[in-house]
Amino acid sequence: MLESSLVELSAQLAARQCSSVELTQYFLDRIDALNPRLNAVITLDAERSLAGARQADARIAAGQAQPLTGIPLLHKDIFCAQGWRTTCASRMLANFVSPYDAHVIAQFDAAGTVNLGKTNMDEFAMGSSNETSWFGPVRNPWNADFVPGGSSGGSAAAVAARLVPAATGTDTGGSIRQPAAMCGVSGLKPTYGMVSRYGMIAFASSLDQAGPLAKSAHDLALMLNVMTGFDPRDSTSLERPSEDYTRELERPLTGLRIGLPKEFFADGVQADVARAIDAAIAEYRRLGAQTLEVSLPNMALSIPVYYVLAPAEASSNLARYDGVRYGYRAAEFSDLGAMYERTRAEGFGAEVRRRIMIGTYVLSHGYYDAYYIKAQKIRRLIAADFARAFSQCDVILGPTSPTTAFALGSRTADPIEMYLCDIYTIAVNLAGLPGVSIPAGFDAARLPVGLQLIGDYFSEARLLNVAHQYQRVTDWHRCSPPMSQD
Amino acid sequence: MQWETVVGLEVHVQLSTRSKIFSGASTAFGAEPNTQACEIDVALPGVLPVLNAAAVEKAVRFGLAVGATIERRSVFARKNYFYPDLPKGYQISQYELPIVQGGSVEILLADGVKSIRLTRAHLEEDAGKSLHEDFHGMSGIDLNRAGTPLLEVVSEPEMRGSAEAVVYAKTLHALVRWLGICDGNMQEGSFRMDANVSVRPVGEKPLGTRCEIKNLNSFRFLERAIEFEVARQIGVLQDGGRIRQETRLYDPDRDETRPMRSKEDAHDYRYFPDPDLLPLELAEDFLATIAAQMPELPVAKRERFVNQCALSVYDANLLTASRELADYFEQAAAGASGQLPKLIANWVTGALSARLNDEGIAIERARVSPQQLRGLVERIVDGAISGKTAREVFDAMWAGEGDADSIIERRGLRQISDAGALERIATEVIAANPQQAADYRAGKTKAFNSLVGQVMKATRGQANPQQAADVLRKQLAP
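So the protein lines, in turn, are chains A and B. Under our numbering, think of the first position of the first sequence as 70, with each following residue one higher. Under our numbering, think of the first position of the second sequence as 111, with each following residue one higher.
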């Protein structure tokens, strides 16, 4: 069960080799044993999970199982789940129990999966190391003194440590792909609009997208099958014919054109990372793909553009956290203004406050044109760069992150240093394209290296095919951290 | 120094959709606090807005009615500020690209028609309500109203005084009710006005500094607030001072305007396009359907009443005060010609309206149908009953006794116009009153009236008085 894929678990459940209750209890026990070392999971409700498992077993017995029925999953604590504490890893929502389900949660419910609990994350999804959480940092299962990446650090660590077969995350500037890379698991951000954002606590509305983390591309495809689909409650949700994302997994890669952006292979990449990616490129060539150099000339601007637009949207999205209707409210204040100021100063952590200030600034009178509008224009140029590249290639390949995981506390002094973690992932969100990160090796300290594949809009099936073919001939995705064997 | 008053109005029109502009919660007035605010209206974490097409349709109807440009592409923008009745910490509104641009409203003044141009009209959501009484040093927040659709109609500063402003406001009020886009209930806050007021010396072109008086919810308050503000501003300027641009509130108890706390003036709303909503793109067939279903507008109907029904402008104006009243009149006067329409109009604006007022009911609940009224007036015109009797018949119809003909029949109210019968009765009356007859022949007209009275008495009031007089006159002639 520890290493079983979703497909294998599904078969085991169908064959009655195990029950959903057994599976759920098994992973609850693992969380009990290992989570104290990782702090990946922040909310559990064993009774509720087991009740869900019993329902799943009944469905299986009645012959009404769907592919993922009975399988326990962890959800990033950014998804509102009815009756569950949903905190976004913030003091502001530390005691907020959601009265409704996010669309994604409802879809997993309908598919018969078991909600095993909520994972830790960077506060309000703002971070690249899972060090900004009100509930304390998450530790990388490969080395407890190192960060797991962020903001979906809890989900990535949990999957890596085999606390759960798969989990959900969200990705605004790399927050699924980068922690997947740092924890040695697979993670996918779909095309913007493919997964409903209803019930997903908003950070940057035009960039946020939910996606799966799992041990393989095949598992990602199964998760994606459940997560995608039009939701009329999200005005940015796309209505498209439904797809089976596993349909192209076995397609041979002969003739595949892989674009290698020269901007992804410049200075600044850790040597071990570069080596692992080079080896992966060689592997792809053996599988029949051709590689060619492409260019994304405006790539370097993606970080400043992102750090103007995302905070701008966040400053507005987080205005509702004011202590009036729910959530944290300061204990002492003399009037309304003081209530707002103290509630938000005390309820939000430093990184969140920093981004709200930046966002407010770039939207303010006199600066809006120079910052916000300018950034939106450059965003179009970045998207155009990708469009041009995709006229020459089918997928783009590069490292997910310039470095492997870094030590806890080593980048918190300079926010800019932290922001540079996302140099290869951010542009993908700005363009709204799909991207996946898969394990591609280790550095000398046995910390995972992640490989990123970027596809054109709506090419998730092809992207997963390209990832899956690599995983058929390599073993990186099957490696698990030593502590997971404890 | 002669001063000219310059007024522009911004009116918040609550659109009468069943549910809110961005959520499915009900917009019905009067519910218990916070029972009509769903998770979207309360701005829980993770919720998203979805545009209510009915609100768009009503906005387009307004734009077409005022001859404005309907923008095929408009954008929703966030207006960011903190206040407890604004759950998201921003209001979804429209800023740079509103759905309606330009247009004009014709107002009827004593000295003729004036056209007031509109700057724009845009869609936005209403905030909740803050209630300050009953809470001992705190404020109660009721979010039932949060998310109700508003159409903010902005006029150019073309009104020259409180009177014109009131006429404009009343015209706009009647129009939005006419179009069926707003119930116009001002006590319930369905129609709220902000007045931008400035003064300048007569003959000067540049506008003076204006002050905005917010949240006026009656025409009376609108008039009083503008008057006070104009006097205040003139006073300041005559003393050599300058007007400070500020937002003010009207206090009806003291009949004065006062500045709102200055914090509210310093707002930078940091408008930006709402990333949760797509730009609103209107298809041509959507617009064509709305255009095809537009009702005949008050101005056009007035003109038609004057031209086709020979009504006075005054009467036509009265009858087009509301669509329901105009519809009633049109049904009653359908196919009528000659003096009939004018008479019907008199009955509608006279006896019928008086009854509706007395009983405090709307014309839709009138107990005399248009067809019944028509029947009554026809009997007056064809002489079957006198004007006086008609009143009795009307009252009987109102009481539910049936229509005019059956009441006239049952109560025997038919005027006697039968010449033969009248001749006979006149002869009898003259014979029975020889003194009055002689007085009349001698030139005393009073005696004649008495004879007519006798004929009326002999016929129990059912003689056609005009005819009775004619017959008597003929018989008394030498």
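In short, the hints are calculated from the structure, not lab data. Keep in mind it's a predicted model, so treat the numbers as computed, not measured. Heads up, the beta-carbon is just placed ideally off N, CA and C, and yes, glycines get one too. Be careful, since some hints might not be right.
In the BS3-like style, the derived pairs of lysine-lysine whose C-alpha atoms are separated by at most 27 Å in a straight line are [what the hints assert, rightly or not]: (1) B:K189 / A:K446; (2) B:K554 / A:K443; (3) B:K224 / B:K280; (4) B:K554 / B:K567; (5) B:K324 / B:K224; (6) B:K452 / B:K498.
Anything over 12 Å on all C-beta distances counts as not near chain A; from chain B, calculated [claimed, not checked]: (7) S133; (8) R183; (9) G448.
Hint-by-hint comparison with the structure:
no.: 1; hint: B:K189 / A:K446; in the structure: 22 Å, holds
no.: 2; hint: B:K554 / A:K443; in the structure: 99 Å, violated
no.: 3; hint: B:K224 / B:K280; in the structure: 14 Å, holds
no.: 4; hint: B:K554 / B:K567; in the structure: 21 Å, holds
no.: 5; hint: B:K324 / B:K224; in the structure: 25 Å, holds
no.: 6; hint: B:K452 / B:K498; in the structure: 18 Å, holds
no.: 7; hint: S133; in the structure: 10 Å, violated
no.: 8; hint: R183; in the structure: 16 Å, holds
no.: 9; hint: G448; in the structure: 58 Å, holds
The earlier numbered hints that this structure contradicts are 2, 7.
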